[in-house]
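**Student:** Going down the list, the protein sequences come from chains X and C.
Note that numbering that gives the first Met the number 0 has the first sequence beginning at 0, numbered continuously upward.
Note that numbering that gives the first Met the number 0 has the second sequence beginning at 0, numbered continuously upward.
Calculated directly from the structure, the hints in this document are not laboratory data.
Only a predicted model underlies this, so the values are computations on that prediction, with no experimental measurement involved.
It is possible that part of the hints are untrue.
List of simulated lysine to any residue pairs, SDA-like, C-alpha gap at most 20 Å [claimed, not checked]:
{"no.": "1", "chain 1": "X", "residue 1": "K350", "chain 2": "C", "residue 2": "G237"}
{"no.": "2", "chain 1": "C", "residue 1": "K59", "chain 2": "X", "residue 2": "R240"}
{"no.": "3", "chain 1": "C", "residue 1": "K32", "chain 2": "C", "residue 2": "G237"}
{"no.": "4", "chain 1": "C", "residue 1": "K59", "chain 2": "X", "residue 2": "R241"}
{"no.": "5", "chain 1": "C", "residue 1": "K59", "chain 2": "X", "residue 2": "E237"}
{"no.": "6", "chain 1": "X", "residue 1": "K350", "chain 2": "X", "residue 2": "A94"}
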Amino acid sequence: MLKLEVPNWQTGRSSALLTGQWAWIFLLILCIIFSFIGPGFFGFFNIQNIVTNMAFVLLLAMGQTFAIIAGGIDLSTGYVMGLASVVSARVVLWASGFLPLPLAMLLAVLVGLLVGILPGLVNGVIIARLAMPPFIVTLGMYGIARGTSFLFANGQPVSVPIDGIGALGNNYLLYFPPGRGVSFFQPPTGLTHDQMRDMVQLLPFQLIITVVVVLICIWLLARTRFGTHVYAIGGSREAARRSGIPVTRRTIQIYVLSASLATLAGLLYMFHYTSGTADAGDPLLIDSIAAVTIGGASLFGGEGSMIGTLVGALIIAVLQNGLVIVGIDPFWQFIAVGIVIILAVLIDRAKARISGV
Amino acid sequence: MNGQARNAPLREAQPLLEMRGVTKRFSGLIAVKQVDLSISAGEVVGLLGDNGAGKSTLIKLISGVYRPDAGQILFNGAPVSFSSPLEARDLGIETIYQDLALCENLNAYQNIFLGRERGRRRLGLFTEVDDAFMSAEAWKALEQLDIHIPNLRAPVRMLSGGQRQAVAITRALYWNARLLIMDEPTAALGVPEQQKVLELIHTLRLRHIPVILISHNLQDVFAVADRVIVMRRGDIAGERIISETSSNDLVGLMVGAHGC
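If we strip away everything but chain C, and leave its shape as in the complex, we get (with noise of 0.2 Å):
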């Protein structure tokens, strides 16, 4: 398996994104101003604000959508700057959208291996798809996230809400993501459904994965996240480790009633 650069240590002390003064501008709107941030191995964040206040701007940036127009981001220590989103993914920063991610036609590890299938080579001539190999490696690695799906075979159409989550976590571990983006992961699920993804953010993060977790749910961010950003009109109108906060604290940052 690609577990070497994964299992590396990371250096607790060294944040392993940073953004220092970040800017971007959409035809004279400020969508994202002077925004510093920064993201540790192991911790969860969670990322809140009202619609336009710039959340997915700022995450766009991050995984390469976006070039900043004024700032710095900085990757495990190193200054960054991506022309497109496959560069961030190359140096493990993935983001994982709420439906966008899987091919439900394909099974879990046809959509694990997706655009990176796994070849064997057939009389020396021909390449075909190797599907004992993904098979086995994906079970492997939906095994180490204790997550257990019936039927790898199936497509993925066939699974819930919950297990296509996992599925396309798993395959963003499988290839070595740092620093996963999660955008309203929980929001097309049902309850018990949520709180299986929510379990699986929290194993992510005794595996020292840092999440960014972008949600409209308050009662989620609460179950999971260390600390909480809040945005507002561009802007980071506070930070707050989640012990020392409440949903009233967190709900006047979004809608500015700390004066400003």
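Bound-form chain X, shown alone (with noise of 0.2 Å):
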């Protein structure tokens, strides 16, 4: 009988102390120290706060996760928000003059969709028909669409000053009043000031909006053979395209997703902040990139989950939040994040290291 079995091989135990499982320990520790230091990092409106206002970010760190588990980067995506949040502010403020608003919205969605797609569409077809490199073609594209958002806002934000506009961006599900029961949607009517502050607001459209589209991220990851197709081409792109996988579909479609998800933050954007501002997205780029990272993505592709880029995301979220309730300069933030995804890659290193790889 022929046994292929090899003395030291490693089984994923010990190495899968770890890996993916640090960022967590590492979050939960950041929640640990926050909450004995930071007076009132700890509770449920907190952290719904934490969560509703990492969706930007979080929604481009998706997107960018299929890029970066595929080999490649999407440097894009940052204006494609905000050329999304102009593009749909602009439509709204046209369409509201003869188009109820509802339609005026919808209508401002579908542009905005469709204007944002286009950057995803082209920077797949290039890197996958032309053959080059990613960071190349969508740093090109981070060009185009900069300057294409700044013409389109005229150089400064487009605000749109339309009653009821900020109330998909910014509602709850649930709002329970003191001694009024509940309502939906919106805030009932005719609320003291006082009533008004005791107010229990629970579920943001934002946040449910958010972590519909990441269970969806997840789910196509890590269960699709879309996703599978992701891994594969970033762990070898030869070995993929010789097993058949069409990998010019599947790069295409990977940048049209990243774009799709960046255009659905700018449009989630314009309609909690009434306005669409051309570099809305352009700070949330690196801090996305960040997010990918520490989430144990490799930028030469191959490894990383989506799970990860949540963790990832929620760290700096986390980091961000926690120091200002501390009291502590918002400078530091970036210098944390900074060491974050230092160490990030370090352990990684260390981890392939005993892994074997």
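Starting from two chains that each stand alone, build the complex the way the hints lay out.
**Tutor:** See below:
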């Protein structure tokens, strides 16, 4: 009988403690520390806030996860988000003149999606068909989307002073004003100032939308053929091609998906801040790449997970929120996130050595 | 399992693969000239030759990477003409390259099913990958070749070189390979691992799947091949039954010491 066994074969277990889990442990430690030293950190509503506010960076990071695991990167997402927010703001302003608000909003979403997906399609086609490096192509698209956004915005934020436009981006699913039962979707009218202050607000729409998208992304990457192909392309493009995986089509899909998620972030941004801002996503791009990296993805491709990215984004958000609550100068958060990124890669390297890669 | 075509009896008399006067030129250079050869079910044929002798052009003609400029290739008695390696694979001609075959970050069953993942409907709407099915099938297929991989869910980069070869071979067989072309299968391996791959080739022979083995290692060729074809300058310099030849004889053919 043929036995293909090697004595020093590593079962995943010894390194499993370090892989993946360390980010969870780090997040847990951060939460425990801030709970002790930051008054008000550990509470349902603060946590609801943290998660709601990280929606934008998380959406960019989800798209980035697909691109990075496939061995690429998408530098254009920050300004694709800005572009979508500006375009949708312009469309709402224009269309609300002759359409009822819900239809104007729907039109804005549709036009925003069309305009926002286009850069992803161009990225994907150039990367896949012309075999160009993703870094260069999306860097070019970064410039194009940036310029286009500012041109559409005339160089300044496009504010949308329309009543009710902010409902989708700011309202909650459930409201519990003291002694008044429950209302859905919008705060009940005729409340006193005190009642407003004491009202319990649960599940903002923005959070619900983000959670749904996160669940879809987790499923796509972990449980579908598309997800397997993303890993395969990142692991070995050549082996993927030889196995009959439609590498070109998949690559285009990956960049379209990344742009779609950035567009969704831009639309949510517009509905949340009732304004389209060309550079809305600019500072978020680096944070989103940081989240993916902290979450264990390799920039060489083939490794990483959506849950990892989620934990990475949570670590960044908790650091930012916690430092503010503790009262430390907010600029320290950049330093903290920077240290975490370097630590993350160091730990991944150590982990790779242990598992003998 | 997709066992029907695999287990169909092959007519022993008729060669599975036949090349008749096959020629391939690259702008003036004749890489393969007027080659005739035939491979029958259940034989392991060593393909030898110095660098540039035309071995790799020859196997690329068989595996559909190149098209011949002249001559005919017959598979199972019928003339074939491949416009891509995928077409050759659909007929059951599988080529196993030493390092390009697998995605190192994926596990054994993901590699075996790569590009042909088994799907399962969820809620009648979404198709997701059926890991349970694929890992059970992979386990069975590996078992049939007497290959034991401790953890099917570990990424294949955690496996040894021999285990990785075994996964690549299992994948080819699972998808109904009828002719395996192995390019330097033992080159990157340690000595015990080389031994295991040779044993695996022996198993393939017992299962009547012909193998074309390209190797620089004469010892390997003597260990498993039934027949040896030696190429020199695009031509077939000679063909020998393994029991009727020696290393010196083969080296002589390779360097052209037999007068030509």
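**Student:** Given the hint that K59 of chain C pairs with R240 of chain X, does the C-alpha gap stay at or below 20 Å?
**Tutor:** Roughly 16 Å between the alpha carbons, so the hint for K59 of chain C and R240 of chain X holds.
**Student:** Given the hinted pair K59 of chain C and E237 of chain X, is their Cα-Cα distance within 20 Å?
**Tutor:** holds (16 Å)
**Student:** K350 of chain X and G237 of chain C: Cα distance at most 20 Å?
**Tutor:** violated (52 Å)
**Student:** What's the verdict on K350 of chain X and A94 of chain X, does the C-alpha distance respect the 20 Å limit or exceed it?
**Tutor:** violated (54 Å)
**Student:** Within 20 Å, alpha carbon to alpha carbon, are K59 of chain C and R241 of chain X?
**Tutor:** holds (14 Å)
**Student:** Going straight from one Cα to the other, do K32 of chain C and G237 of chain C come out at no more than 20 Å?
**Tutor:** holds (14 Å)
Consistency with the previously given hints fails for numbers 1 and 6, ordered from lowest to highest.
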